[in-house]
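A.B. asks: As a plain string of letters, each chain reads:
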Amino acid sequence: MRILVCISNVPDTTTRVKFVENSTKLDTGGIQWVINPWDELSLTRALELKDDPANNIQQITVAHVGLAGAEPTIRKALAIGADDALRVNADPTEAYFVALQLANVIREDPYDIILCGIESSDYNGSTVGGMLAEFLDIPSVSAVSSLNIENGEVLIDREIDGGKEKVTASMPFVAIVQKGIAKEPRIAAMRGIMMARSKTLKVTEPVSTEPMTEVLEFHMPKPHAACKFIDPEQPKQLVELLHNEAKVI
Amino acid sequence: MSVLVFTENWDGKFKKLSFELVSYATKLAEMLNTSAVVLSIGPVADEELRKLGNYGAAKILNATGDGLNSLDNQSWVNIIFQVAEKVDATVLVLSNNNTGKALAPRLSVRMKAGIGAGVNGLPKSTVPFVVSKKVYSGNAFADLLIRSEKKILTLSQNSFELVEKPGTPEIENYPVSLDPGTLKTRVKEVHKQTGKILLTDAEIVVSGGRGMKSPDNWGPLIELADLLGAATACSRPVSDEGWRPHEEHTGQTGKIIAPNLYIAIGISGATQHLAGVSSSKCIVAINSDKDAPVFEAARYGIVGDAAKILPQLVEAVKEIKGK
Ligand SMILES: Cc1cc2nc3c(=O)[nH]c(=O)nc-3n(C[C@H](O)[C@H](O)[C@H](O)COP(=O)(O)OP(=O)(O)OC[C@H]3O[C@@H](n4cnc5c(N)ncnc54)[C@H](O)[C@@H]3O)c2cc1C
Numbered sequence: 000m001r002i003l004v005c006i007s008n009v010p011d012t013t014t015r016v017k018f019v020e021n022s023t024k025l026d027t028g029g030i031q032w033v034i035n036p037w038d039e040l041s042l043t044r045a046l047e048l049k050d051d052p053a054n055n056i057q058q059i060t061v062a063h064v065g066l067a068g069a070e071p072t073i074r075k076a077l078a079i080g081a082d083d084a085l086r087v088n089a090d091p092t093e094a095y096f097v098a099l100q101l102a103n104v105i106r107e108d109p110y111d112i113i114l115c116g117i118e119s120s121d122y123n124g125s126t127v128g129g130m131l132a133e134f135l136d137i138p139s140v141s142a143v144s145s146l147n148i149e150n151g152e153v154l155i156d157r158e159i160d161g162g163k164e165k166v167t168a169s170m171p172f173v174a175i176v177q178k179g180i181a182k183e184p185r186i187a188a189m190r191g192i193m194m195a196r197s198k199t200l201k202v203t204e205p206v207s208t209e210p211m212t213e214v215l216e217f218h219m220p221k222p223h224a225a226c227k228f229i230d231p232e233q234p235k236q237l238v239e240l241l242h243n244e245a246k247v248i
Numbered sequence: 000m001s002v003l004v005f006t007e008n009w010d011g012k013f014k015k016l017s018f019e020l021v022s023y024a025t026k027l028a029e030m031l032n033t034s035a036v037v038l039s040i041g042p043v044a045d046e047e048l049r050k051l052g053n054y055g056a057a058k059i060l061n062a063t064g065d066g067l068n069s070l071d072n073q074s075w076v077n078i079i080f081q082v083a084e085k086v087d088a089t090v091l092v093l094s095n096n097n098t099g100k101a102l103a104p105r106l107s108v109r110m111k112a113g114i115g116a117g118v119n120g121l122p123k124s125t126v127p128f129v130v131s132k133k134v135y136s137g138n139a140f141a142d143l144l145i146r147s148e149k150k151i152l153t154l155s156q157n158s159f160e161l162v163e164k165p166g167t168p169e170i171e172n173y174p175v176s177l178d179p180g181t182l183k184t185r186v187k188e189v190h191k192q193t194g195k196i197l198l199t200d201a202e203i204v205v206s207g208g209r210g211m212k213s214p215d216n217w218g219p220l221i222e223l224a225d226l227l228g229a230a231t232a233c234s235r236p237v238s239d240e241g242w243r244p245h246e247e248h249t250g251q252t253g254k255i256i257a258p259n260l261y262i263a264i265g266i267s268g269a270t271q272h273l274a275g276v277s278s279s280k281c282i283v284a285i286n287s288d289k290d291a292p293v294f295e296a297a298r299y300g301i302v303g304d305a306a307k308i309l310p311q312l313v314e315a316v317k318e319i320k321g322k
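As you go down the protein sequences, you meet chains A and B in turn.
As numbered in numbering that gives the first Met the number 0, residues 0 to 248 make up the first sequence, in order.
As numbered in numbering that gives the first Met the number 0, residues 0 to 322 make up the second sequence, in order.
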């Protein structure tokens, strides 16, 4: 069995973003780039599954659509334990474009399980995984919080509004994963970092397509009024303000 | 031409989120000089369907048939796609909840429609079609131009006011037949949490962080939530420690919510936590550290010990509620 983990390269989650060129581009100065948190967890789960020989997983590949600047992030995924990597050499301008490129490489060289994160912490779209599954015309299961293989059958926990479902899916499929899929992201060990250097990172060129969407301008959130502090000896005043002023209780 | 809006149902019932979707689609249809058509999938009584008419739906299509009790993304996408063609939908609106997130991207590919994901308001303009959406986990917003002729919008929950517009829409049955043998995903078990207000539905949320000190201290927090008709939530370390169930974890890697009131108790307000709650209409922070970043996001704050303040809040709410 072969697993593909799709990874997105995003600013560290504590970044205070700023924009340049008339608020049309992210100011990348000083940004630390990391593997999107959900993708890091997918990779961790894929590796956990591979650790158990009974699951018979031969290969875990990571795939990324992005420019050469993202290679440190890809190498990090290899250091954590992926066997090899693919990069489609293009600026990941929108989810549709990214999914189309991924579909294109997967059609050439199919995988049994494809893992995507529930969202990328930059554009917060929650769309790449579902789009990819539709391009490939294969099933998708979203909001996946656990994934196990038992006697060759894949068992998935999917979150629904107000609960959970146990779902099976026939391979190949795309699982769109969220919290719970793995506990803590696996960390690269020294040996992994050494080995990552010699692992294969294959670069392919993109196919062209018309853009569906385009960001015209970024805005910062509107600053809101400063916090009104209430005397800690008089918590009752808070309740009165919530009732009479904010009118939320 | 029309605006098509899809809503699921929960054991045959709609909820506020469905009515928000219909209100939104109706307003959007007005901007586009057309009307809103609703698609419901799965068994729902006519009486329940008619409730959607209160928010401006011009027509309701009710897809029923075997095998629709649980979500199979591919077959549901087929149904929505066929209906979108049938009613000549230029914009398709879905919720940004779990089901919407599962279906919308597939439909984007099928309909060749660009997506505005997680919008919380009407488009800024319809020609060209520009929506505002949250990016970088709420640290910024983007004006997104959707170039494609057809568009899909997913609406964030609790972000659009209900607008009543009573009418008597035509209800049309849309029979579908799914051959269970061909479904590629299958639901084996369902576990539902009952009798609790869902965090994503709640209008008021009371949330605790590490400053609550111990899982044994949650009593007054839960009491406060019960009195307010609120759901309970927590920060990530609290659920990681097992002090509270995982469903309560809010933030970037947990649930993203937008209640009218969010009360953060003993939560420092890390960016990853605020990413999940910054769309709340009113944030209250209770924290012993006056420099905690949570106060930057809060409208009201108390600097003090949660263990002391919580019981007093409980009493004050009881008084106001006349209990
Ligand atoms: C990739 C990534 C994703 C993350 N995602 C999330 C997420 O989704 N959600 C999330 O919550 N976190 C997330 N985090 C963790 C986040 O960075 C913070 O560590 C976390 O939010 C802190 O939780 P806390 O506020 O409960 O605890 P702390 O930061 O320890 O804060 C506790 C607060 O309680 C106050 N306090 C202490 N004693 C008292 C008292 N007696 N009375 C009142 N106040 C008191 C303290 O002043 C302090 O401000 C993520 C981190 C990473 C790296």
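Because the hints were derived from the structure by calculation, they are not lab data.
Since this is a predicted model, take the numbers as computed values, not measurements.
Mixed in with the good hints there might be a few duds.
Each pair of labels, with its calculated beta carbon distance range [as the list claims (entries may be wrong)]:
| hint | chain 1 | residue 1 | chain 2 | residue 2 | range |
| --- | --- | --- | --- | --- | --- |
| 1 | B | 161 | A | 71 | 44 to 50 Å |
| 2 | B | 127 | A | 19 | 20 to 26 Å |
| 3 | A | 209 | B | 241 | 28 to 34 Å |
| 4 | B | 228 | A | 230 | 48 to 54 Å |
| 5 | A | 208 | B | 120 | 44 to 50 Å |
| 6 | B | 221 | A | 208 | 50 to 56 Å |
Glycine residues also receive a C-beta, built at the ideal position from the N, C-alpha and C atoms.
A.B. asks: Give a verdict on every hint.
C.D. replies: Going through the hints against the structure:
1. Take residue 161(B) and residue 71(A): their Cβ atoms lie about 48 Å apart, and the range 44 to 50 Å holds.
2. The given range of 20 to 26 Å is respected by residue 127(B) and residue 19(A), whose C-beta atoms sit roughly 24 Å from each other.
3. The hint said 28 to 34 Å for the Cβ distance between residue 209(A) and residue 241(B), and at roughly 49 Å that hint is violated.
4. One distance hint, 48 to 54 Å for the beta-carbon pair residue 228(B) and residue 230(A), is violated here, with the actual separation near 27 Å.
5. Range check, residue 208(A) to residue 120(B): Cβ separation about 29 Å, and the 44 to 50 Å hint is violated.
6. The hint said 50 to 56 Å for the Cβ distance between residue 221(B) and residue 208(A), and at roughly 52 Å that hint holds.
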